[in-house]
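Visitor: Residue numbers (this note's numbering), protein chains in the order written: chain A, 23 to 291; chain B, 67 to 265.
Don't read these hints as lab results, they were simulated from the structure.
A quick note: this is a predicted structure, and the numbers were derived from the prediction, not measured.
One or more hints might be untrue.
Chain A stretches covered by chain B per the calculated footprint, using a threshold of three residues with CB under 8 Å from any CB of chain B [what the hints assert, rightly or not]:
#	segment
1	72-85
2	94-101
3	237-244
Where is the CB? At the ideal position from N, CA and C, for every residue including glycine.
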Amino acid sequence: MSLLDRLLRREDPHSLAAPYALDALEPAERVRFERHLARCERCAAEVRALAEDAVRLAWSAAAPAPPALRERVLAAVRATPQEAAREQHTPQLPPHVWGTQPPPRRTRAPRPRPLMVPFATATAAAALVVAALFAVQAGRTQDQLNAERDRSREIAHVLAAPDARAATGTDAEGHSIGVIASASSGRAVVTLRGYGTPPGGRVHQLWLMRPGAQPRSLGLFSGDTPLLADGLEKSATSLAVTVEPDGGSPRPTGQPIVQLALESVGFGE
Amino acid sequence: MRMPGVAGRGRCGRRKGDGVEADELLLLVAGGDHNAFEQLYGLVSGPVFGLVRRVVRDAAQAEEVAQEVLLELWRSAPRFDPGRGSALSWVLTLAHRRAVDRVRSARAAGEREQREALRAGATPFDQVSEEVEAGLEREWVRRCLDRLTALQRQSVTLAYYDGYTYREVAERLRLPLGTVKTRMRDGLTRLRECLGGAA
Chain A
23 MSLLDRLLRR EDPHSLAAPY ALDALEPAER VRFERHLARC ERCAAEVRAL
73 AEDAVRLAWS AAAPAPPALR ERVLAAVRAT PQEAAREQHT PQLPPHVWGT
123 QPPPRRTRAP RPRPLMVPFA TATAAAALVV AALFAVQAGR TQDQLNAERD
173 RSREIAHVLA APDARAATGT DAEGHSIGVI ASASSGRAVV TLRGYGTPPG
223 GRVHQLWLMR PGAQPRSLGL FSGDTPLLAD GLEKSATSLA VTVEPDGGSP
273 RPTGQPIVQL ALESVGFGE
Chain B
67 MRMPGVAGRG RCGRRKGDGV EADELLLLVA GGDHNAFEQL YGLVSGPVFG
117 LVRRVVRDAA QAEEVAQEVL LELWRSAPRF DPGRGSALSW VLTLAHRRAV
167 DRVRSARAAG EREQREALRA GATPFDQVSE EVEAGLEREW VRRCLDRLTA
217 LQRQSVTLAY YDGYTYREVA ERLRLPLGTV KTRMRDGLTR LRECLGGAA
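Next up, chain A with everything else stripped away, as it sits in the complex (with noise of 0.2 Å):
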């Protein structure tokens, strides 16, 4: 390395930001920009945003862990005592986590904390769909996985048009609805998580809302596997989800048991 190169760095440490952020500096550096981060809080909030920016990169790698892997980290926490909340050392965590310090006892007067970056909904709405996708997986026949992966292939379709855009909405109980939808194509992909199915042989029905006409049914949802849409009108409003008997109603029967606004996702002209 040139002096030249590391007079550069040592001037601007700001700039090893998004590569800290990306886990790609080398130790030493890393812990040179960890001791700059304690000092800068315009850093520490900039290195927070990147490394949530970052995580998301991760969703899209995520696979179902092996079923041994389970039972072999359950048992080695049945073995494991946890560590203190307070015990003050070194945090083995990334620093950028937490910030470049471990949390502040709580008795201690609070420190001024550096900008918090809200944790974003995209992330949640992947984990939605991530989730949705691996309770579909387990115990296919190869046609199922083939059929699997058309409907797949037909979801990229929707992820794939330019005015893609996703949405997801949890209601009281933490159950939630997540869409990504089209308003160009009319098209849309919802999950439902935490719902599971109802009892007495009944289903989940989606619903499409729109301003002076009937809801339109979307389909039945089979468990949390997600449901494709086509048709969506651009007057559209919100999704609703109805139980009903098994086979579906042509109008819904009861009260929404959940419902997600389309207007952010580009709908509801």
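Given chain A's structure and the hints, the job is docking chain B onto it.
Guide: Chain B in isolation, oriented as in the chain A frame:
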């Protein structure tokens, strides 16, 4: 028909879904709750394992690293402070750091090249189910990655998915260090804007 409770945004705003769930579970885990840990495991094990495998490119090593990460999630849960970042971000950042450490030491030892040579003729493992698994999310991120310039995309993915330092990225792409740092930053920011359509 007018459906009750359907005015305006309805019952759902655009809010955090699993993010909140994971945060709440991690707070329970911090209190030593084994049940909560099992639930949290269900939420994060796939993303953790998939990410680690993507970086280390070896299922057996990925399992080892993922196990370390998930055990560490349990051990250090009491230090989690939701005010400082989300649980998902916390665990995935930890997983990535560990995966990168692993791939770098393997690379230094030359093992990786040997393994890659060995594997060149072998059937790619689990390819079909892998395509199905993360297809949707992968497409979503890929679509946004496609909107970056080639240099932004390469700078980000060589570092994040392949575990190269920015110096190594600069060498591979034959770019000055400063350019690579800027491309990484711009790439991540543009990715945020694209994926941020969901926020």
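Visitor: Please go over all the hints and tell whether each is borne out by the structure.
Guide: Checked hints:
1. 72-85: holds (count 14)
2. 94-101: Holds, because 6 residues of the segment 94-101 of chain A bring their Cβ atoms closer than 8 Å to Cβ atoms of chain B.
3. 237-244: The restraint on the segment 237-244 of chain A is violated, since only 1 of its residues have a Cβ under 8 Å from chain B and three are required.
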